[in-house]
Amino acid sequence: MTIHLSIVIFLPLAAALIGVLLGGRAVRWAAVLGSLGVLGYAVAMLIDFDSSSGALQYVTDDAWIPQLGIRWSLGLDGLNLLLVALTALLWFAATVGAAFLGVTRIEERPKLFFFQLALAQSAVLGAFLAQDLAVFVFFFDLMLVPFYFLIGAWGRGERVAATTKLVIYTLVGSLLMLAGAIALGVLSTPSGGQISFSLAELAQRPLPEGTQLWIFVLFALAFLVKMPAFPLHGWMPDGYRAAPLAVLIVFSAVVSKVAAYGFLRIVLPTMPEAALHFQDLMLILAVLSIVYGSALAFSSDDTRLVLGYSSVAQLGFITLGIFSLTDLGAQGALMQMVNHGLVVAALFLIVGLLAARAGGSESLDDMGGIASRAPVLAALFLIASLASLAMPGSPNFVGELLILFGTLESQIVFGVLACSGVAMAAVYMIRMYQRAMHNGIGAGVESREICRGELALLAPLVAVIIALGIYPQFALGRSEATVLGKVAAVEQLRVPVSGGVILPGAQIPEGVPGTPGAPLGPQDPAREPTAP
Amino acid sequence: MSPVTYGWLVLAFPLAGTILISLLYKRLPGRSAGWIGAGAILGAFLSGLGALSQMLAVAPEQRIFEGSLFAYARTLGVDVDLGILVDPLSLLMVLIVSGVSFLIHVYSIAYLTSDAGYSRFFAYLNFFVFSMLLLVLAGNFILLIVGWAFVGAASYLLISFWYRRETATKAGIKAFVINVIGDVGLVLAAFLLFSETGALSYAEVFAAAPEVFSPNEGVIVIACLLILVGAFAKSAQVPLHTWLPDAMEGPTPVSALIHAATMVTAGVYLIARTHPLFEIATDAAAVAAIIGTATLFIAATIALVMTDLKRAIAYSTMSQIGYMVLGVSAFAYGAGMFHLMTHAFFKALLFMSAGSIISAMGGEQSLDRMGGLRKAMPFTFVVFTIGALALAGFPLTSGFFSKDAIIDFTLYRGGLYTVLAIFAYAAALMTAIYSFRLVFRVFFGKKCPEAEELEAGHLHHADPVNPATGEPEGTDVGFPGEEHHIAERDWPMKIGMAPLALLALVAGALQIPGVTEAVTHFLEPTFAGSEYLEAHPTVAEEWRGLAIGGTIAVIGIGIAFFLYIRRPQITPALQARFGALHSFLAHKWYFDELIDACVVRPTAAFGRFGRNVVESQLVQGVLVGGATSVVRVGTSTVRTLQSGYLRAYAALLLIGMCGLALYFLTVSS
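Going line by line, the protein sequences match chains A and B.
The numbering used here applies: residue 1 is where the first sequence begins, and numbers increase by one.
The numbering used here applies: residue 533 is where the second sequence begins, and numbers increase by one.
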């Protein structure tokens, strides 16, 4: 099948532009159709994708700014296929929700709102599909613009202060990454050679370790802010409380994944020695995010913050998987990115429904007892909650299991510490479910069942969660071949220098920290008879 | 059909029942949800019998069948199928679980009649049975963990079934979180086994284990201890037991099914299932035996003083599971599984008849309020007494043969196990005392007002209160509702209890020393590799043990008779004389307080510290404030309006990038 990824990226933007030109209600329809088109593409790609190949598919590679060696390079592989599908599904849900179902009431300047929402989708898709660092940076920074307006103009409460924090944090991160990207491109250019930002090319041009280290820090800061990870999550509480719900769904579910994805796509292949050097630090941050996020999630009463802090913890798990620097950990992290996106989007939709029944309040103190009148809502909420706490049988369990297996294999202490997060997740999710659905009926609570439109939005998300729970291999099979190659650069470094395999062309300085005596991953063929 | 196909059917029936009841919950008239639920479980039981007939048709050494539907997670060396294992052990569990569940479903059809959540109850109950069957049929550790967690979730839902009661929802959370701790133990154990053997399916792990691990090597001992964390959390063994007494907040059929007959025995099943590992890590098996003994002793002492009928039976359950754990970890697999089976019969029976009593008492659960119900509830009196006889190990009842078989084997192991056996005998004496304490206090003595009204044909209608707190409560999600009825006169309840009473009496005939060994013999293929398969106390030793056990039971019942019928004034005197001991037991050895002080409060304090100190001072104060002021200073040259500069900043960035792009595009073309 011929699929032009450039069309996939710009379809939402183009549809929204047409809608803006037509005016009136057309903009809602145009935005919905644009995101539906992307969803159609995503389904086609899920079916057509060649799972056996780890190489890029549907590649677009044209000269863009040749003077700077920047190419319009896009491609799809096991790393981004599922994330693109996630983006397509959730943006469609959010757009439909905002356009027709009142998830967020857009009465002022609807044209601008839907245009910004579509622009944000194009930017996210661009970041996921980019195979050139400059293109990635362009889209990564572009994401900030629509979200700035979406939260600042259509948000609630202290939206100005919230957007200020959000923008300062992410802007600083973005600028650091821009500097890092330029440095990476320039410094890796061999003398007399042509500068290139192609990710494949950069992976073949390793920098000396000292240089890698400071560039790594620039990228890591940008990504950790975006995720967000402890202690760089300062913008999150206000930002999540201020954002309109339809925007928050895609923001929390997808945008945070761009950052996690950035580690896998860019940082590990191009800066393997730095990744190894900073492994312990990143794992400490990950575990801190897990423990701290969980602790705040079970001591918050604001439903948005429970989910916000739980996301800090979940993203901590994802970071843990990535920086276990094992195939299994990366595979689990990738799976978990998709799972967390699905689950957190469903839960934020549910928060909207709960607030509508609690007189507009989003505090757990004002909720309670509606399960008897709203059994369908209760059932959907329960399934999403159990998936969120990674109950075995949910897709999140498979993701978390692989992350833990990978981490335990390479750094057993961090794996064991992370397990505390598993138990705490049970506390904060069941607590939230129970306080909203069980016990006595809250004072201002109006118990009523989910209505058809709301069900039409929520049920498909829950259905996807259940389907992935029954058949997680659908996701694992599609990403396996690519994941196998992505962590390889780092893994090979970990084999003792004396008898081990050395990455072709890689200069391994003496005394790479962590190199000798590092534990072997399950990819060691001698110990792994069932390796594919 | 092969046993594996029957195995899938065993799973399919309750799952279909769950889905059907959930989808139709609004349209199901009268008691039909109950009949659908019971029918689904009957289907599972009959499928189990089908598998049994197929299995018995082949030679014993071929009685292990595996099958898988599709790859569940197969990536990068992890290889997990959606696969089941049908062997004598799992099939025995299937038959016990589905058989007892069926009877409890039938009982519940009547018991829950006046409950507002009737359909919901049967949807949950069917889901529970599905999960439990998945747990026992799973062919690998991952699917086991899935079933394990599903069972925990179903238990959570059923404990908090009457969710208007805060006591019930709190108990639900407690059970769920302790279960999740058990899940984590299993996940870590699965990891250690995977990392050493490269496999996750039972067959591959057990085949590789003897070559990979040397006896009592560190890794395998740790893995087995982690398995025990899972087993103990689910089977309510010390110190992970505190959720079980609280779980009595659930409807009584739930206590009968989940917290007596099936789920809480999952830990015993797990130890039996992973016996090839425990036989390598004998140190871990010894730890299990010691904890099992501690539990059976501690729980028996607490059961002596509990005044809440259901909680007294709950502690008795803990104690009996302690015996099973002791049995299977002393490698008396046949005896341990046999006791699991007989206990399922008599303990489910005790809970069901307790439910009958409680509903006649209008929800009252305190022994202090009961008395003289013998004539008012003759059927319940008879079946409860049968259950108590079996529990006490009265000669020739089922519990007599099964419990003493465990103790005999423990004595036979010698050494440390001799000490454990002595504790087990001591607890057996207490068991006889507390079980007949219940019989005498409920059915004999001074008649309570409810008993007198019942004998006159009336039903006492109390205002519904929460039995744990005494607070009045609404009935919109609770029992008893408006049409509260006399439980034992509804025929489905009798149908549910009568077969169990019969089994509690005669099931001992399956394993009579020197005569027959049906259960042990049936299980042999599963334990074929065990060193202890042939190990056996002699028939004479076994009969000697039975004689001791029988004597203890009779003495215990005699003591109870003396204390509660002959000299009822002695017990208050004893309580006063040994006030400290009584209070220690009545506070359940202070386990709740200990866990609260060591785990719950520090965690909550950590959460508060995070929110009040780290979040507000460090994250919001230093970091956010710092970053904001840095930017403010940096942009002071372009500062315009308080909020305007940011917009300008963002716009400049966008314009700059677009300009740059345009410039290069024009230059390049």
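Worth flagging that the hints you see were computed from the coordinates, not collected in a lab.
For glycine and all other residues, C-beta sits at the position ideal for the given N, C-alpha and C.
It is possible that part of the hints are untrue.
Stated by the list, open to error - Pair by pair, the computed Cβ-Cβ distance ranges are:
no., chain 1, residue 1, chain 2, residue 2, range
1, A, A356, B, G1158, 34 to 44 Å
2, B, F1110, A, L288, 29 to 39 Å
3, B, V590, A, I470, 46 to 56 Å
4, B, G750, A, D50, 38 to 48 Å
5, A, D280, B, F1110, 50 to 60 Å
6, B, S1161, A, S53, 21 to 31 Å
7, A, D280, B, P771, 28 to 38 Å
8, B, A1050, A, S53, 23 to 33 Å
9, A, A153, B, G1158, 37 to 47 Å
10, B, I1080, A, L288, 12 to 22 Å
11, A, L288, B, A1136, 51 to 61 Å
12, B, C1130, A, A443, 32 to 42 Å
13, B, N1144, A, V43, 20 to 30 Å
Unchecked claim - Heads up, simulated SDA-like pairs for lysine to any residue below, C-alpha to C-alpha not over 20 Å straight-line:
no., chain 1, residue 1, chain 2, residue 2
14, B, K558, A, L46
15, B, K702, A, N439
16, B, K702, A, E449
17, B, K558, A, P190
Hints versus structure:
Restraint check, A:A356 to B:G1158: a C-beta distance of roughly 38 Å satisfies the suggested window 34 to 44 Å. The hinted window of 29 to 39 Å between B:F1110 and A:L288 is violated, with their beta carbons roughly 51 Å apart. Checked against the given bound of 46 to 56 Å, the beta carbons of B:V590 and A:I470, roughly 32 Å apart, lie outside it. At roughly 45 Å, the beta carbons of B:G750 and A:D50 sit within the given window of 38 to 48 Å.
For the hinted restraint 50 to 60 Å between A:D280 and B:F1110, the CB-CB distance of approximately 57 Å keeps it satisfied. In this structure the hint that B:S1161 and A:S53 lie 21 to 31 Å apart at CB is violated, the actual value being about 51 Å. A:D280 and B:P771 have their C-beta atoms about 34 Å apart, which keeps the hinted 28 to 38 Å range intact. For the hinted restraint 23 to 33 Å between B:A1050 and A:S53, the CB-CB distance of approximately 57 Å leaves it violated.
A beta carbon spacing of about 27 Å between A:A153 and B:G1158 contradicts the range 37 to 47 Å that was offered as a hint. B:I1080 and A:L288 have their C-beta atoms about 58 Å apart, which leaves the hinted 12 to 22 Å range violated. Between A:L288 and B:A1136 the beta carbon distance is about 19 Å. The supplied range of 51 to 61 Å is therefore violated. For the pair B:C1130 and A:A443, the beta carbons lie near 36 Å from each other, so the given range of 32 to 42 Å is met.
Checking the proposed 20 to 30 Å range against B:N1144 and A:V43 shows it is violated: the Cβ atoms sit about 48 Å from each other. Taking the CA atoms of B:K558 and A:L46, the gap is near 38 Å; set against the 20 Å cutoff, the hint is violated. Restraint check for B:K702 and A:N439: the C-alpha separation of about 10 Å stays at or below 20 Å, so the hint holds. Simply put, B:K702 and A:E449 have alpha-carbon atoms about 25 Å apart, too far for the 20 Å limit, and the pair is violated.
For the hint pairing B:K558 with A:P190, the CA-to-CA distance comes to about 72 Å; that exceeds 20 Å, so the pair is violated.
Hint compliance for this structure: hints 2, 3, 6, 8, 9, 10, 11, 13, 14, 16, 17 are broken, all remaining hints hold.
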